[in-house]
Amino acid sequence: MSGDYSLCGWRVHSTLSLPELLPWVGPCDADVDVAFADEAIDADLVAAARGRYLYVTDDGAVLLQLPGRFRILTRGGVRVSVDADPLGAASGWRPFVLGAGLYHLCHQRNLFPLHAACLRIGERVVAIAGHSGMGKSTLAAVLNRRGHGLLSDDTVVLDVNSADGVTLLPSFPRLRLWQDVVKALDLTACPAIPVREGLAKYALEIGGGFDPAPMRLDAVILLEEGDGPVLHDVAPTAAVPLLQAYVHRPRLIELLGRQAAVFAQSAAIAGRVRVLRLERPLRFDVLEAVAALIESAFSS
Amino acid sequence: MNKRAIPDGGGIFWLASYPKSGNTWARCLISSLLNGGGNVDLQAIKVGPNSAGRGWIEQRLDINIEEFTLEDLVAARVAAEGAHASVCTDPCCIKVHDRNDGRLCPATLTRGVVYIVRDPRDVAPSWAKHMNVDVDAAIAVMADPNLTLSRLFRYKPQVPQELGSWSGHVLSWLDDPPGPLLLLRYEEMLADPERELMRLARFLGLDTDTQTVSAAVAACRFEILQEVEAREGGFAERPAHMERFFRQGKAGAWRETLNALQASRIVDDHGAVMRRLGYL
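Sequence lines, in order, name chains A and B.
Take the first sequence: its letters are residues 1 to 300, numbered as in our numbering.
Take the second sequence: its letters are residues 1 to 280, numbered as in our numbering.
These aren't lab readings, by the way, just hints derived from the structure by calculation.
Incorrect hints may appear among the rest.
[To be verified] Computed footprint of chain B on chain A; a stretch qualifies when at least three of its residues, placed anywhere within it, have a C-beta under 8 angstroms from a C-beta of chain B:
1. 14-24
2. 30-44
3. 198-204
[To be verified] Have a look at the derived ranges for each label pair, beta carbon to beta carbon:
4. B:Asp207 x A:Ala200: 33 to 43 angstroms
5. B:Asp136 x A:Ala264: 19 to 29 angstroms
6. B:Val133 x A:His232: 29 to 39 angstroms
7. A:Ser132 x B:Glu71: 18 to 28 angstroms
8. A:Glu225 x B:Lys46: 38 to 48 angstroms
9. A:Asp211 x B:Val133: 29 to 39 angstroms
10. A:Glu288 x B:Ala251: 32 to 42 angstroms
11. B:Arg195 x A:Pro194: 39 to 49 angstroms
12. A:Gly208 x B:Asn259: 54 to 64 angstroms
Glycine included, each C-beta is placed from N, C-alpha and C at the ideal position.
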């Protein structure tokens, strides 16, 4: 079960099977950046959490738990512990480890976890941000089918500390889609693993065009429901609070005391990256038109 | 109005009803009462958040619930209710449209149940408008013992809610409430709102006077709520397809809206419970 994987360019060593991730193909002697481990979580810490679903310790460790199912503890940006008994699919930990676990790691590593999918559209790297249920992954699936490589889904990890712009750290080539979307987009032949038992949602293996190398982010599109489809450019000053609203997740940021850091990172992104609002009806029959609009906005 | 600390545990008043039975009106009345009989902010009725509200649950628990199973969601709702009770001021009210199944509104969190009931013949046309279906479809839905709202909750602002049939809903709350019960009839709230609001205020433990009660009733008259809805650009809880949320607010309007077949179908489906409540 244990193995070495690649995630955001980090070497991940895991005692848990993480089939969503690509295997590590870097140097054998490279240091491990992040460890994922099946291990018990300290009883004092669990007691201190008093059953809360999210608990942050004074030193910035983040505990996420579904009482009676599992606990996931993320510490120092380097270790993710999963405590589930039994550690089978029924406990349901899997989507949370590479979901919340990933954005917990990001905050601890001073990275910016944007609630978005990300693709390469022609020569441009474009993140598509939206709240849950706003159709990020669905639109990403349509764009991918039109030949654009998927770089991340749900959490787009951005390094805003680099000198030459905002750098995307591509995560892994999987798209999480609900069953009805898989059927509507005719993706049933695509290799997929269930996200969790009891949920009609699948992590589809979308290999085409994935590139694990860090790259510069060119644009962020914020998804909105409305008329259209139509794209509006957003001025940098107006973009700052909008970007802040799409970081995973506002209350976590408060508990970690990262409001100032996240504000500064949002301002840095708004100053260096084109930000647009995409207004469109939330319907399947406009998806191709929406994809074409995005393509036309980023054709070189 | 006095604001008192919530007693440890058991602090919640459930504002329970089948949809379109006056729950929102009751929440408006309580809001106004707590505001000394003043106007109600329809964009944010703070009294009685919906226990199935997705944003509310996520805010209360600080997590994203998108990949929760139905079983996880029940536990999450109860945890959110407990978290709400620990921070909300008295009276701590939570709105619920689910039938009472003993899990979502546990006795350990309960201080009382306000159950609001309305003649199902008046519920049907209103429910049809709300669901954007015809009246016959609404009547069928009200007889469905397995009715669940927002089953595909990822596209909805609310998580799934198991309502069951109208009769089953009423009986689940009246016969086995998780705490002391106050039954409010929509028709009596319309006929004598001051008396019914005073009953509600006393049940909630509010020390109020007849003047404040009258002011709250005046602030929440249907025409006023309609006017506020129109003036303030809508009501946050109105479904997108409805022109306005506050439509008629009448009792007995079914005599003009339902045909004889529709009315008798409702009686066939729910006659026993309607008789028990005095609707027949």
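Hint-by-hint comparison with the structure:
1. Counting residues of the region 14-24 of chain A whose CB lies closer than 8 angstroms to any CB of chain B gives 0, which falls below the minimum of 3, so the coverage claim is violated.
2. A stretch counts as covered by a chain when three or more of its residues have a beta carbon under 8 angstroms from one of that chain; for the region 30-44 of chain A and chain B the count is 0, and the coverage is violated.
3. Here the region 198-204 of chain A counts 3 residues with a CB under 8 angstroms from a CB of chain B, which clears the bar of 3, and the coverage holds.
4. One distance hint, 33 to 43 angstroms for the beta-carbon pair aspartate 207 (chain B) and alanine 200 (chain A), is violated here, with the actual separation near 51 angstroms.
5. Separated by about 59 angstroms at the C-beta atoms, aspartate 136 (chain B) and alanine 264 (chain A) break the suggested range of 19 to 29 angstroms.
6. The beta-carbon spacing between valine 133 (chain B) and histidine 232 (chain A), approximately 35 angstroms, falls within the hinted interval of 29 to 39 angstroms.
7. At about 19 angstroms, the beta-carbon gap between serine 132 (chain A) and glutamate 71 (chain B) stays in the expected band of 18 to 28 angstroms.
8. For glutamate 225 (chain A) paired with lysine 46 (chain B), a C-beta distance near 26 angstroms fails the hint of 38 to 48 angstroms.
9. Under the hint 29 to 39 angstroms, the C-beta atoms of aspartate 211 (chain A) and valine 133 (chain B), about 48 angstroms apart, miss the expected range.
10. Taken as a hint, the range 32 to 42 angstroms is violated for the pair glutamate 288 (chain A) and alanine 251 (chain B), whose Cβ atoms sit roughly 50 angstroms apart.
11. Arginine 195 (chain B) and proline 194 (chain A) have their C-beta atoms about 56 angstroms apart, which leaves the hinted 39 to 49 angstroms range violated.
12. Here the CB-CB span from glycine 208 (chain A) to asparagine 259 (chain B) is close to 58 angstroms, well matched to the stated 54 to 64 angstroms.
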